[in-house]
Each structure stands twice: as structure tokens, then as C-alpha cells.
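Here is how the chains run, residue by residue.
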Amino acid sequence: MRDAAPIILLLVVLSDLAILGTSRLSSCIRGLAAQGFLLGLLPVLIAPQLSVHAVSLAVGTVIVKGVALPWFLSWAIREAAVRREIEPIVGFIASQLLGALAVALAFAIASRLPLHTVQPLLVPVSLATLMIGFIVLTTRRKALVQVVGYVILENGVYLFGLTQTESVPFLIELGVLLDVFVGVFIMGIVVFHINREFDSLDATRLTELTD
Amino acid sequence: MRLLALCAIPLVTALVVLGVPVFRGRRVPVALLLVVAAAHLALVISLWITPALPALGGWLAADPLGLAVLTLTSVLFLVTAIYIVGYLRYEAPRSGRVFAGGLLAFLAAASVVALSHHLAMLWVGMEATTLSVAPLVFLHRDRRSLEATWKYLVVSSVGIALALLGTFFLASAQGEIGRPLLLPDLIAHARELHPAWLRAAFLFLLVGFGTKMGLAPMHTWKPDTYGEAPSLVSGLMAGSLTSCAFLGVARITEVLAAARLVSFAQPVLIAFGLLSLVVAATFIIGQRDVKRLLAYSSVEHMGLLVLGLGLGGVGAYGTMLHLVNNGLAKGWMFLVTGNIVLATGSATAAANRGLARTLPASATLLVLGLFAVTGSPPFGLFLSEFTILRAAIDGGHAWIAVIILVTLAVIFVGMAALVLGIVLGTPPAPAGTARRIVPARESPWLIAGPIALAVIVLMLGVYVPGPLQDILTRAALALGGRGP
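Residue numbers (our numbering), protein chains in the order written: chain A, 1 to 211; chain B, 1001 to 1484.
Honestly, I wouldn't trust all of these hints.
Among chain B residues calculated to face chain A with C-beta under 10 Å, some are [unchecked claim]:
(1) Gly1125
(2) Pro1135
(3) Leu1146
(4) Ala1148
(5) Gln1287
The set of hints was computed from the structure by calculation and includes no laboratory data.
Since this is a predicted model, take the numbers as computed values, not measurements.
All C-beta atoms in this analysis are idealised placements derived from N, C-alpha and C, irrespective of residue type, glycine included.
This is chain B alone, in the form it adopts within the complex (with noise of 0.2 Å):
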């Protein structure tokens, strides 16, 4: 029932509030947002307390893997519908509705991947989390955000058709039987499953939901998309969208580990880590854009999850726990940039300089972000990072860690170049803009979430909690590979 509930109050109210003609406001709309949005969670948090049965025929199930996702989404849904209450005081989307209920569309979309068991619904779910974001990355409706919901779109669904061919082809692998494409079910019989066909599934939905994670050479959507969208979207897009696209990848890997082919699989997934993470540095150097900055940076991290993957061992629970490190990161980026957005219209350097006098609290979490982003202790980021490291070098894989601490490097000066750069430069002459700063705009609505984050990630340095840890070494041995 409570699996049910995760997915269908949502979307229930997503319907509501698009399809009712009343809530023309954006009052009514938003405080719905808040209400979903906690009542999820207060329904995530009951899955860690007691867990929940599967639900409708073993469709839906919160295994580890599952709930790790899950439970970043919520996390960073509630986050985001707190600074929303304080994003509409400056800012007014054209329709409230196409607003908040493309945002509950999202959550239902995002919940029913991570919960779902059944590989085909796990597609129709991620299909949906593109559909419904593509709307709010419209939102401003000018020429450039066209250009990016445009790019997005084809990108995106090309590449999440592929995925559904990879979907079929797993369904070919099991030959004449042609059992539901059932997670468990696949996972006991893999070793009857047609090799041939299962290495192609896994390519097409690598390469498939790929692009949805935005891992290179399928970023290209990536910057612009990022760039153009509410800083708020882009935040739960680098966080929790990309996370569930990734989810897609993990279940193939998962039905690969059991069928014994990792062999196949590990060569490929360092493949695409790697280039990632050379792409991204690449395009991080001379990077003039905060929210382009973060979409690159967002390459990386996407790259080192599916390196963690690929390299296996204690890897795979450096990519568990790097998936919950860098949505919560990026989340936070994401909303502090929007800040800057807010209070000078542009998330240019040129536009921004001198932030810490201007906006003295974001400007603090800007640059504690980007020790946090790029994997400085204490954060939760620098521990998945070294995880990952280490299982490069307990594989004695020596030139895949050299790679990773140089690109690592690389990305750590030209993030910091951008962000201290904005943050201690002189503030432009303020006779030509033609917008005022004002400090008042640095409202509680706006600092609490990125604060509330950056707390979490903090912790996450520092200790990870029991029950988190235990639910993460579980999804890391599913992957094949092993806890810390």
C-alpha cells in the first residue's frame, strides 16, 4: 500500500492541479507541493522503520538500491518545495499549475523508477520523469530556453528509445519462455539467459539511459539544459533525475553480476567513466557560466558512478554512497546558484562579481560547495571519491586512479577559478544594471534548504549512520561488488 501511495498520491495531485481550472494561482498549487512533498517523505521515512511488502504482483518493491534512490528524491523534493515558497516572492512563472504539477509529475515519475521491479515499468517511469521536466525547463519561454528544451528533447528521447530496445532485447535473452520482466525472476534464472543477447540489452540501455545520466559522449544536452532551466529544476535534475537514469544502469548490472558476465560489463563502464570524467575537465577549464560549470561538473560525477561500477569490489559501495553525496551536493549548488540568478538575472561571472559583499550567506555556501563538489575533506564526497580510488588501486588498475587524481585536480582548479572569481572580485559598476541587488533577497526560504544539505553532506564526511550504511553495502553486494 505505502509502496502505492509513493507513486500515485503525486501523481493524483499532479492531475489535480493541471487539470482543475481553479488553481490558476500559484498559491494553492505551491502549498500542495509542500504538502506532497512532505507527506512522501514521512512515507520514505516509514520504509527505513518497517519495510513494506512488494506490491502489485512484485511490480513494485523497495529493495536497497531502490530506496537509496527513493530516498534522495524525497529528500531533495521537500528541499525544493521549501525555497520555492521563497523563489515565487521574486519570481513568477508564467502558469503555477504547469509549475507545481509538472513537479508532482516528476516525483511520481522518479518514485515509480525507483520502486519499480519490473524492467519495462522502470522504462515507462523514466520516459515520464523527461516528459514531465520538460515543461519547467521551457519556463522563461525565450529563445534560448527553447533551444534547450528542444536539444533535451531529441537528445533525451532518442536516447531513452534505445533504452526500450535494450528492454526488448533482455526480454529476447530469455528465449522461448518470454517470463514478465520480473527483476527478481531475471536475477535467478540469469544463467539461462542468451549471453549474446544480454551483453546487447546491456549496451542499449548503458548507452540509453547513458544519455539520461548525461554521461560523455550523450552530454551534449547537458550545459544547455542546465544552463537555461530554473536553477531549481537543474538542481533536481543533476540530483535526482540523473540518479534514477543511473538506477536504470544498475539494474542491468545487477541481472550481468548474477549471469556471471561482470567481465563484459566492467571494461565498458570504465570506459565511459573515464572519458566523463577527461570530458568534463576539458570543459570546466575557462568556464564562464556557474550553472554550465555545475552541468560539466555533473558529467564528472556521473562518470565516477559508473567507474565505481565498473571497477566492482569495494567500488560498487563507493558508488552507492557517491550517488547520495553528489545528489545532495548538487542539490545544494543548484539552489545557491538560484540565489545568484535571482538577485542579478544571470549566473555569469561578469554579472556576479563580488558576491560576498553583495549576498554574504550564498556567497559562504558557494565556495563551501565547491570544496563539498569537489571532493575536499571533510565532505561526504572526498570519502565516495577516495572509496572509488581505492578500489582502482586494490584492482591494480594503478593508471586508472593516476587518471582519476588528475582530472580530479584539473576540475578542482578551474571550478575554483570560476567560483573565487564571482565570490572576491569587485562588484560591476552599478549604474548600467538594470536590476538592483538587494540583500533582502537572501530570505530564510532561500538559505535553509542549501543549508540543510550542505549539513547532511557535512555529516556524511564525517559518519555515515548505521542503518544508511547497511542499506548501502546491500546495494553494493547486488552490484557484485562489496562494502567498505
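One chain only, chain A, in its complex shape (with noise of 0.2 Å):
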């Protein structure tokens, strides 16, 4: 089952330079809610032996990454009755190259690290993704896909996550995933309000606070 885990971390890459490909929110959504199933799949294929503690945190992050979250945000499209993203801040082409570029660098990074670990591949996968995530934060004008580049960038912190399994008990992961779902959904709720109020969700048309 070992063999299973760096295929399913390359998969979480090509996850990751998928959603930064694509201008359909819909497919951005997708390939979010692949990701979350992937990394449920981790903690078990991870663990030395099978404990309840791995299956129970994968079930819990199939269910909030792979299931909850996704669905949640496509329910927010459907209401906001939004696409596409039209003009990012930096193309589809240039952010997809940027996103090989934080590749190439979380493994060099990664390289470096004085770590003990059962999954080398698990601290440049996390370090791409969370990169990655920042990308697509900080290039997008949608609120929508900013959310999900910050479900992007928890991933990211997450994947560090699973290699101090024994430091975090399984209460604290719960925690910390119970954390993030809310705070999506809180996010949720703001853009589905900037929609209406602003009838865009474009988060570069927030400008009226200034000194």
C-alpha cells in the first residue's frame, strides 16, 4: 500500500496545475474536491500499520475536503450564477508556469531540510501546494476562486501535517478541520452578499476603505 502514496502525491500536483489552468469555476470546484479525496486517501496509505486514529482522520477529511467544502462552494456558483473567471491578474499560461516554477523550488527546498519522515515526498508536494495555493490567492479577482486558493494553500499545510501524525492528535486535526470548514463557509457567506451587493464578485471592486 506504501507504493500507493507517491502516485497519490503526484496526483495532488497535477491537481494543484490543474485548477491553475482553468478559467470554469466548476472545473476549479473539481478538481478542489479530487484533491480533498486524495488526501484522504494519505493518512492511511502513510501509517505504518492501520490504526483507527489514520482511518478516522481520512474519513473525516473526505468528508469535509473531499465532500462538504466542494459542494458548499458550487451551491455559492449556483446562487451567484458566476462562470467563469474572465481576467485574472496573471494569465492562465504565465500562472501555470509559475506554478512549475514553485514546483521545481519546494523540491529544492525540500531537499535541504533536515526531516524524518516515512514519505520524502510529502514536504515538497506540501511546500508546491501551499505555494501554489498563495498563487492562486493573490492572481485571481474572483472572491469565489480566492476561496478556494486558500482551501489550496490550507492542503498545502495539511500535507505538512501528516508527517508529525504522532505529534497532533486526532482531536487537534479535528479541530483543525472543523476550522477550516467553518471558516469557508463563513467566506461562503460574505461572497454570496459581495454578490449581491456589488452584483460581481470580482474582490478588486472592494476599494472603498482607504486612508
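Work from the hints to combine the two standalone chains into their complex.
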């Protein structure tokens, strides 16, 4: 089973890059859901033996990141009737190139880190996902896509957390998942109201407050 | 038991208020708010009299540092709850349930942060404070509060995600052993932690929790959020939430101090502190809105907190004292500003000139608060800022002392110009204004809280009670500093 982990991790990177390259919001969210399922498989695959801890973490992750968040976000796009990110601040090809650069950088950094881990690919993939989440968050105009960027960023942190399962008990991991879920839920509600007030999900229009 | 109750009582009440549809009105939620606030403070006072044993296998414990933050939160919360009784006579938030439920959830989350000795649980609590406050920032549901809520959510969520990464770095620093992230454990084995991971953990936690504190350059959400949130919510954020975030920074500093890596942490803390002072001074000049002014003042005081921590020695004690003073003074100022906004619907200078005539009690409290917040004697902030300044001179950093003095002077001039302009100016002609200024708006409910906080801040400037000094000194020792 352990041999499957590197493949899953590579698929996570591919889902990152796919989200960077698409303009359709629904594909973005589908990519995010796929990533959530992949992340849910990992705790079971990298655990030295099958434990209650690993299985419950896997189930919790699939429910929150694979099902609940994507479902909620697609509800938000249906309500807001938006389909596409039309003019990102950085183009799709350029942002995919940036993403590839981020992956290379992540591997370069990870090779220098003094780390004891069961799965050596975990750290570079975590760093790459983190950086790609940051790219999505900063280069897209639509508030909803920025939420997707935030979730990718959190997924990167989650991947790093998988190297430290002994130090972080299940209750805490549950708390982290719950916090992320509630965070995205509140963001979704705010996005919904932005759409109603401004007739647009464009976060760059939020410019009334200045000094 | 008491430690668990401090977190559980507000949490359960919040869930009941949010979940049970019977509480549609505002009366029951507000009554519950008052009862829980009073019970919380009573429990906290009992902790001062007889210390509690750690609970939940050491995850919850009340050490001096946590107790200081917890007490500050509890006092501010009770004062705010009393203020709300008067506030709701003039202002009707759309949902009394969300209003009371959000505040109670905030109290629960802040208590978890203050008492948590498991650093990952501290993170969970900190994220919960962010989330519980977001619906309160959004209370007015207009364009401006939408924009503020969005900025607040996005910036703090990214910051807090970095802090979680920092927490995992701290776990990595343990190498293959993989103990739970319990604070006493980490401190006891600090010398065995991997220094490179420890440094990385410190930087990420400082940037992450620093975002929540509002240290420059991560302060960008702060003026917008404090400016648009209801004043009493801004007061809780500036007084209590930022102190909780500072506690996160203080916890990792404790570990670094135990690992003898203070020489790495200190220059970084000093740099963030000085930058915050300079940024605050720059933006306070020419400010036209009292709430935004107070937000930049909060950036200044957060800068002073990390500066004192970075200077070490007596500076750590100065920081602890300043944490208490700043929290109380911010609560005071924001509640008074709340009265102004209730009267005229705005916190800008243009709408509020001639305050001394229209709202005499609030105007007096605002002017006194101006002197307190800018660190003038005889208020407590003078004493704590002076202690931090002394640490800079003791440590041989004359240039830091000069920067502190210059920025504080600039900030005093900037704040005085705005506040005195409001208080002493001539009232705007009543013809065009939609809302009439009613002196009756200064009901005792709205004045009592700020007066109580002002009395405490004044007292702390003259005399720091023995038990408080003892707790703050022990906290300073844990942070690698020393007492007064």
C-alpha cells in the first residue's frame, strides 16, 4: 500500500496545476474535490499500520475536503450565477508556469531540510501546494476563486501536518478540519453578499475603504 | 474542572443561543450574555485566590502568562456585556442571536487560547476567535462592512494558516521522538530540539500570529475592520483578541528562551516592533476617523509589546504590564467612540465637532483616554511604556529609545489634533443632519463601563497591586526577562 503514496502525491501536484490552468469555476471546484479525496487517502497509506487514528482522519478529511467544501462552493456559484474567471491578474498559461516554478522551488527547498519522515515526497508536495494556493489567492479577481486558493493553501499545510501525526492527536486534527470548514462557510456567505451588493464577485472592486 | 468550565460554559451557551430558535428576540440572549460574563469573571477571580490544577492531561493550565490574558479578556467582556444593555436601546442588530452567539463563542475561544498548553490546541482556539468575530464585523451588512469582513477574513486566514505550518515545524523540531506539543514538555526538552526547525517555527508563528495582532506590515486589515465593525466589537478585538494573538507569539518565545535561542528571536521582534511604531506614526498623522485612528494606535501598541519582548530584561515585564494596560485602555476608548457613533452615526471628525457640548461625559472620557492611550502620566500606559524605554537604554540601544520617543511624540500630536478638534470644535449646523443629537443617549449603561476601565488604568499608573505584580513578574521570567 505504501507504494501508492508517491502516486497519490504526484496526482495532488497535478490537481494543483490543473486548478491553476482552468478558467471555469466548476472545473476549479471539481479539481478541489479531487484533491480533497486524494488527501483523504494519504493518512491511511502512509501510516505504519492501520490504526483507528489514521482511518478516522481519512474519513474526516474526505467528508470535509472532498465532499462538504466543494458542495458548499458549488452551491455558492449556482446562487451567484458566475461561470468563469474572465480576466485573472496573471494569465492562465503564465500562472501555470509560475506553478511549475513553485514545484521546482519546493523540491529544491525540501531537499535541504533536515527531516525524519516516512514519506520523503510529502514535504516537497506540501510546499508546492502551499505556494500554488498562494498564487491562486493573489492572482485571481473573483472572490470565490480566492476562497479556492485559500483551501489549496490549507491543503498544503495539512500535507505537512501528515509528517507529524504522532505529535498532533486526532482531536486537534478534527478541530483544524472544523475550523477550516467554518472558515470557508463564512467566506462563502460573505461572497454571496458581495455578489448581491456589488452585482459582481470581483474582489478588486472592494476599494471603498482607504486612508 | 474550573479551567474546563471557563471554556465550556460560554461555548455551550453560544451553541444554545445560536441553535435554539426560541431566542429570536434580543432580551434572552443578552440576559444570558450578562450571566455568562459575570460567571466567567467570578471563575477567573477564583483562580487568583486558589490556583487550579492542570486539566485534560495538561492540555489546559493557568500559568501566569495565560492568567494575565484570561483576566484581561474576562474583565473586558463583562464591561462590554454591560455596555450592550445600553447599546441595544439605540441600535438593533438584525439578529440578536448571531450577535450574542458570536460574542459568547469569542469568549469561549479566547479562554481556550489563554488556557491552552497544547500548542496545536492554541492554534485551534486562535482560528476560532477569528471566525467567531467575523459575523460581528459584518453586522451592519452594508458595502463597507462587507469589504472590511472580506479583507479581515482573507488576511487573517492566510496568516493563521502560516501559524499552523509554524506549529507543525515545531513538531518537526522534535525529530523522531514525536511527543505531543505540550508547553512544559517543550520547555523541559528545549535544548534537544532541532535549532533550524525551531527558528523556522518561530518565524512562521511570529508572522502568523503577528497578522492577527496587526503588526506592520501585516496590519492592513486592521483600520478597515476596526473602522467598520460595531465599536464594542472593535474594542474586544483591540483589547482582547490581539492580546490572545500576542500570547501565541509569547508561547513560542518561551520555548526559544528555554532553548537559548533568544539571540535569534530578539532582533526579529525588535524589527517588527519598530516598523509597527513607524507605520502607526505615519498613518496617524492626518487621520479623520476616530475608529481608524484607534486602529493605528493599536498597531503602535502591538509594536511596543513585541519590542519589549525583543529587548528582554526588564522589557519583558514592561510588555506584560503594557498588555494589561493597553487592553483596558483600548476597551475604554472604543466604548466611548461607540457612544459617539450612536449619537451621530459616524466616527469622523467632520460629523462630531463640538462634542464637549453635545455629549459632555463621553467627551471628557475621550480626552482622558487620549492622554491614557498616548502614555501620559499618571495613567498605567506611561508606566509600562517607560519600563520598555528603560529596557532599551539598559540594553545599550540608545537609537531604539530615540525611535520610540520620536514616534510616540508624533503619535501624540496626531491623536491630539483629531480628538481635541472633535471635542472643542463648533457643532455642525443641525439643519442638514438626519440624526438629532440627544443628550439622553449618554445613559448610565453606556458610561459605566468606560469609567470603570478608566479607573483601573489610572490605578495601574499609580500602584500595581501585589498579586498582579507577582503574576506579571513570573510571566516575564518565563519569557526570559526579569521583574521590575
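Indices of hints not satisfied (ascending): none
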